[in-house]
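So the sequence lines, in the order shown, correspond to chains A and B.
The numbering of the first sequence is UniProt numbering, which starts it at 1 and goes up by one.
The numbering of the second sequence is UniProt numbering, which starts it at 1 and goes up by one.
Hints in this document: simulated from the structure, not taken from any laboratory.
Hints are not guaranteed to be accurate.
[What the hints assert, rightly or not] Stretch-level coverage of chain A by chain B, calculated; a stretch enters the list once three of its residues show a Cβ under 8 angstroms from a Cβ in chain B: (1) 31–43; (2) 128–135; (3) 187–196; (4) 391–397.
Please read these numbers as outputs of a predicted model, since none were measured by experiment.
Idealized CB from N, CA, C, for every residue including glycine.
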Amino acid sequence: MWKEVGQREMGRLASHSFVNRIKSNRISSLELSNYKEILSAHKGAINSLQVDLTDGRYLLAGASDGSAAVYDVQCPARYEGNGLVAKHEKIFVIDKQHEQGHKYAISSAIWYPIDTGLFITGSYDHFVNVWDTNTTQVVVNFKMPGKVYRTAMSSVAKSHMLIATGTEDVQVRLCDIASGAFTHTLSGHRDGVMTVEWSNSNEWVLVTGGCDGAIRFWDIRRAGCYLVLDQLQTQLGRRPPVLLQSSLKGSTSKSIPDQSSFLKARTPQKKSAYGNGTKHTSIHNRTKSSMGQRQHPGMLSSHDRATAHYGAVIGLKVSEDGMYLLSAGSDSRLRLWDIGSGCNTLVNYEATRLQMSKGIQLAVTQDSSLVFVPCMTTVKAFDIWSGRTSMTFRGHYEKVNCCWFSSQDQELYTGSNDRQILVWSPSHPVHAVEDERGGEVLMSNSDQDNWSD
Amino acid sequence: MEEREREGKGKVSSLIEKATNSTSHEIDPRLLKAIKSVARYSDSEIQLAFDTLMQKMEKEHSQVRYLALLIIDELFMRSKLFRSLFVVNFDQFLILSVGFKKDLPLPAPLDIATHLRSKAIEYLEKWNSSFGIHYRQIRLGFEYLKNTLNFRFPNIQQNAARREQERREREMRSKEILLNKFETLRENLSSIKGEIQRTIDEIGECLDLLHPKEEEFISFDTTEEFECRSVALQKIRLEALKEGDKLHETSENKVLFDVLRELYKLVVNKHLASLQDWISLLVRVEPADCRFRDSTLKEFIDLRNYLRSLKNRCEQSGCTLTNTPNDEDEDIWEEVKIEEADSGAISAQNVPNKDHASTNTAIEKLNNTSGRTTKFSGSKNFDGKGECSDSTSVKRSLLAEAPVMTWGASLDDWGAKRDRLANQRGLELEGHWGRVDYDAVIPAEKIAELNVQASLYKEDHVEIRPCCAPVKSGGLCQRRDIRVCPFHGPIIPRDVEGNPIDQAPLADDITPDDLVKKLAKQAVKNVRERDRDEASRKSLKRAERAKAREHNELVLREAALASTSYSENVGASNQNGPDNQENKQTLSSMLRKKITPKDRIAKRLLNRRASNATRQLIIGEDTKYREAYPNQW
């Protein structure tokens, strides 16, 4: 570390690469943190974890007992063992005792991406609640047709504040916080929707994965899905850079439609809920006429029936740059998709077992080098590009449901059926290096070799 | 160095291998020591030990896991490196040792598996309390087992703390009580002392009144003048003299005696007891200022001593004082004893009758007193015992001729010749259908018939002697058969070792032929016996030699072990030799099911031949039946 600091001081190292090096160094030494402990306030399995995107300080957890709690991960409530172990307690908890609390398990709890004033919970009692964090009261709620599996808000959205919800129902609904109504109902899946995810590069693009094994891409400005990922449509590794690709024009279709085509494609019938039918044919025709080769995959039944996994899609994660999509299926496979081409990149992730009953929450590091996947009782970190297991985190005693990687602190939070939220942090905490090593000395006193004979 | 390292590498794993390959409930302490000493000086050894132990923990045998667990605990408590290696796979370890996963239960020998689980839980608690703060994994495992799976931990530390706490509380409470008592004593001290003093004064006055003059010393002087030959005689005389010195209750000093008796009772029953209590309280109490306590204690002890001396004086002043306060029935017993003693004394005194004349007075006095006591006892007999003895004599004679009956319902109305109401217990008959006769009567003869004494046939108890033939495994055959043991033939009397004792045949069927045979047999037997003696002597010698050899080996092995731990291998391999020879319990034999009598029976009954035979029988019966009744299904 000091070498890098020296190089940075000399100006031989650019600031961002300095940061990246330190970060990756720290990430590679992640292990179960002994000095940081979150006291779980839940009496059921932890289903969802998210640290807020603005401060990176408040961890929101949703659990199977219908409770959601917020923890401060920066400032511990108290210390134990002479300041050795910092205990982070809940700031508040909303459970069944709360008059507006959920009746059944909370499957998804997310922060409002703009600030920490709101958070959204989706539950098996068919409701999506929007909570005011400060008063812990429900501001808006949405009644869904079935159990809510996953909710998502776009972190890059500037012009809408829609909650995408995947439910038992085949339709994906977008709930508008501002109006308190459903703005969209996206039909296409043939089974419940386990997971939804907004694109990180385009505020209008939504990705959904269903129990039918399909991953669909939706542009919310137009009806119908525009891309169904097909596991059999493959490419090896990354696409060649754009400049090279332009020379190979026509071989792969550009998936994300550019703005002009959209403008053309827009029709008055856009909001039709049952948009997969006849009306789209006309759009298709028109697009075809204008774009020539361009096809709308949603129209063709052979494309429409494509699957990304054998079995349900239980987890989706878009990389930070929005170019790649990771999906986990109940077939215990992990797939990396090139969003641009819509192809399976054939990265072979080492054999694992994933749980099948629930959705899982994946996490990706900021530089898209590692993906953290809950694999039964462990969490594994895979190298995204090679698929090799780089780390295995053992510590939970029951199946792990969710994980969240905090890029700011390079810490991993995992929640499991054993009701624990574990913190995985770099083995050498920053403050321990900075400290005058008070804690270290204490530690050495009671944890030493003791050979009496 | 490298070589040594490699050598050592094999070492710790082979040591662990050996230590876990045993059926005992604990690790051989020498092996354990060797493991520890090897692991102590090298990190690579610890690494290797950890790997080996985890392999052992994965073995499908609870005994191996159990022994591995014991070693793990030893190393865990000692080596930091081992701990840091160990906690990484802690969940795995817990699954293997506690077996809380349904799909991964603990392996075979069930009793050892439960043992393993309880031990693992115990260790987990210990580790958590001592190192939990440094290892999150241990805390997590502990919390998971405790809070989620609701395992019950032995809770050793907390229990000890709680017990300590309880003890302290108890002590505090008793101390408080003592202090309270002490305070009341401090308040009431003057009144207590005053009361006792009053009693003392009264007794003193009484005694003064009763003893106008002191004659005791004079009488003692006179007695000393006599020369006594026999010690018994002297003793008797002294007693008699003392007896004579005691004041006797007469009609004129009866009142005084009564008062004195009362006061005596008061002193013995109340004051002395309460003083004793107070003293023990003062000894135990720890007040703020000790001066008061000490002074009071001193006073009380003085007072107690004075009271004792006073009591003695009272007792000396008159024997009636001691006797009269006793209960009456005790009285009788006492008197009988006195009588006996008296008669004994008299008889003893009668032998040296030709002694000094002066003893006569003593005897006279003694007779006097004994006469008085006998008279007393006689009167006692007259008012209670006389009648009693009459009635008892009649009863005894009746009892002697009465038959002994076993207890039963027939004894309820023995000899009663009465008719009885049928409904004597008040059964409700109002709701009964049909005619009801409220005054139905069971005639006496019917009752007698119903209550006939039942007598059960009781078999005479016959002691069936065991067969007592020597058995291969040592010991004697314990089968009890009447005539013939199925294994050892006819049952004949045998000696302690099981050799048959030749019974002398009955006199009447001795024929010359028999005699010859018997003689021949005797001769053969004698020769054999001699041979056997010889053989046994030889074998004895051989055994002795073997024993010496074994001892030598043991000593050598120990010496070798002491010099280097590397010789452990040799010693152990030697040790394995005799182990294999005898039919010893091994790890695999632990897994085998024990053969129970039920199994043996099942083996006989459920084999194919037996079941075929029964089936044949059933089929045969079936066909017979069908032929007999062809029109039935």
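_Non-conforming hints, listed in increasing numerical order_ = 2 and 3
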